[in-house]
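**Student:** With chain A held as given, fit chains B and C onto it using these hints.
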Amino acid sequence: MKNNLQIQSKEFSGPLDLLLSLLDEKKMEISEISISAVTEPFLNYLESLEEIEAEELSDFLVVAAKLLLLKSRSLLPQIDNDEESDINLDEQLRLYRRFVEVSHKLHKMWLDEKKTAYPHIEEIKKATEIVRPINFSLETLSQSMVQLLKRLQPPKALPRTYIDKTITIKEKIDKMKEMLKANKKVSFKKLIETATSRTEVIVSFLAVLELIKQNDIVLRQDESFGDIELSKI
Amino acid sequence: MDIVSVLESVLFVASKPLSIKKIAKSLDVSLSEVENALDALLNKYTDISGVHLVILEDNVQLVSNPNNTEFVEKFVKIEFKEDLTKAQLETLTVVAYRGPITRPEIENIRGVNCAVILRNLLIRGLVNEYEDSEHLLPVYELSIDALRFLGVSDITELPDYESLHSNELLENKKDEENILSTN
Amino acid sequence: MDIVSVLESVLFVASKPLSIKKIAKSLDVSLSEVENALDALLNKYTDISGVHLVILEDNVQLVSNPNNTEFVEKFVKIEFKEDLTKAQLETLTVVAYRGPITRPEIENIRGVNCAVILRNLLIRGLVNEYEDSEHLLPVYELSIDALRFLGVSDITELPDYESLHSNELLENKKDEENILSTN
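Chains as they are written, first to last, in the working numbering: chain A, 100 to 332; chain B, 497 to 679; chain C, 497 to 679.
Only chain A is shown next, with the shape it has when bound in the complex:
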């Protein structure tokens, strides 16, 4: 219906919420394959979050890392599978979705004023002996005020903009193929020289993996963290 509009103006309550929205947008069921298929829009969204506090970003990065692992595994099935049991993103997402669904039901109940149960409010009789509660002091009072003000701070909503322009793996592959037409060998460093964002670097790397999978190129790397040389087969 108005799915496309929704995703652009939605406030995400966390990385799993974002993942679910991306899947819903594409009308995909939850599976390892579908999840890894939304890796790029997820990363692009992260890119738009750059200004957000590190603390909030870290939860998104955890999921991003899982997504990249899933994605690279789907591209390179021979990759070491030791960590497989640690991902389980699809299972986590399924359970999370159940809670989200039931939370909508609770929300309806919450908003139904006609169902609020009342306590009995006894008539007020002031105590004959007034005692000082142990934790009642100037310190606790002003601390409590500071906390309250923190709470009243309007929530810093995650950016509502959802970047449409996604650098896709496919675009990168096309670009690499073109470069490999002109030169027999291409340096990965050079490939990412013009990258404008971290996402683009990651997507470039995924494109390289895809090309290997398709048996189009071979890689050569002389030392760890050294440059990677791509050559056409």
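Where hints are given, some of them may not hold.
In silico lysine to aspartate or glutamate, EDC-like type, Cα no more than 20 Å apart, as pairs [said to hold, decoys possible]: (1) B/K518 / C/E566; (2) A/K214 / C/E578; (3) B/K573 / A/E292; (4) B/K540 / B/D524; (5) B/K570 / A/E222; (6) A/K225 / B/E575; (7) C/K570 / A/E212; (8) A/K249 / B/D656; (9) B/K669 / C/E578; (10) B/K570 / C/D524; (11) B/K573 / B/D641.
The hints are simulated quantities; they were obtained by calculation from the structure and are not laboratory data.
**Tutor:** Frame of chain A, contents of chains B and C only:
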């Protein structure tokens, strides 16, 4: 509508004597229906019950069994020696920095109902409630005892009183309140 | 002392959730005596009764039957209840269905840090926090106030409670795999 059940709920929540005639009118049932329901409730709230149904002329009320007063008071006293809960402390804070303040104003700032908490603070003697000509509703402020416990003689001696009292976030909440009440 | 009667009076007068353990201590009786007395009161305050006895973990409170609220509100003002944000709603849901639950367990389900949200829910009185000897960390559970606002008298009345409450996914990865493979 189950009249017995509804009547029981109404008496339980009301906490004050209600006129039997008015109950019949409000619930849109006959007087005898209310009287029959009261008879049914009298069977439930017997002499040994912890809650008694008191009927006096046209008035009816649920009250706690007077025989248990001693235990109830002991219980309440022990409760008061305990720490304030976080919610109580926050309510007290709002009353301290923003008082005199009405209950809806406090609730608007805290985002949650404060009736029970205010009642507890009143019973504990930490806040005072009084009628004020400026407000239609009762207003609350810190009691002299509370000030004494804090070791200050005047509310303005609270830490950062000026800046916190007139904090923008609290003022915004007040504006919201005004908007709401004009609806 | 007639424990059932005294307990009923205390619950009636208190107007707020009370800890079962504290009641036992204050009245100087054993925990099982209080629990037996609560059972007796549960027989008195049945589903169709105008008053419900709500028991949630260690907390207990007498509240009006939520089905009668429409009529009750002809006599008392409605309670203030602010809407919940999406993140608060999700967190409250996880606590409701999985409580008592620790913060890392909640975060495991939501995939996001919940410290600030839990604090807000705590101070709005919608969840309780307590130290538990079984866990090294504080555990969270739904408050009776939250149940009242949701209009249920028993937590098991929440939609799909049984299946979501007992779904062990994530709590134990091995079990999780077994469950999935038998499906």
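**Student:** Given the hint that B/K570 pairs with C/D524, does the C-alpha gap stay at or below 20 Å?
**Tutor:** 11 Å, holds
**Student:** Decide if the proposed pair is consistent with the structure: B/K669 and C/E578, CA atoms, cutoff 20 Å inclusive.
**Tutor:** 13 Å, holds
**Student:** Between the alpha carbons of B/K570 and A/E222, is the straight-line distance 20 Å or under?
**Tutor:** At roughly 17 Å apart (the allowed maximum being 20 Å), A/E222 and B/K570 satisfy the hint.
**Student:** Would you mind confirming whether the straight-line C-alpha gap from A/K249 to B/D656 stays at or under 20 Å?
**Tutor:** Distance ~16 Å between A/K249 and B/D656 Cα, so the pair holds.
**Student:** Does B/E575 sit within 20 Å of A/K225, going by the straight-line distance between their CA atoms?
**Tutor:** Roughly 14 Å separates the two Cα atoms, so the pair holds.
**Student:** B/K573 and A/E292 were given as a pair; does the straight-line alpha-carbon distance stay at or below 20 Å?
**Tutor:** Judged against 20 Å, a Cα distance of about 74 Å means the pair is violated.
**Student:** Between the alpha carbons of A/K214 and C/E578, is the straight-line distance 20 Å or under?
**Tutor:** Distance ~15 Å between A/K214 and C/E578 Cα, so the pair holds.
**Student:** Are the Cα atoms of B/K518 and C/E566 separated by 20 Å or less?
**Tutor:** 17 Å, holds
**Student:** For a C-alpha distance cap of 20 Å, please report whether B/K540 and B/D524 respect it.
**Tutor:** 24 Å, violated
**Student:** Under the criterion that the straight-line Cα-Cα distance not exceed 20 Å, is the pair C/K570, A/E212 satisfied?
**Tutor:** Since the Cα atoms of C/K570 and A/E212 sit roughly 13 Å apart, the hinted pair holds (cutoff 20 Å).
**Student:** Would the hint linking B/K573 and B/D641 be met if the CA-CA limit is 20 Å?
**Tutor:** 17 Å, holds
Checked against the numbered hints above, the structure breaks hints 3 and 4 and satisfies the rest.
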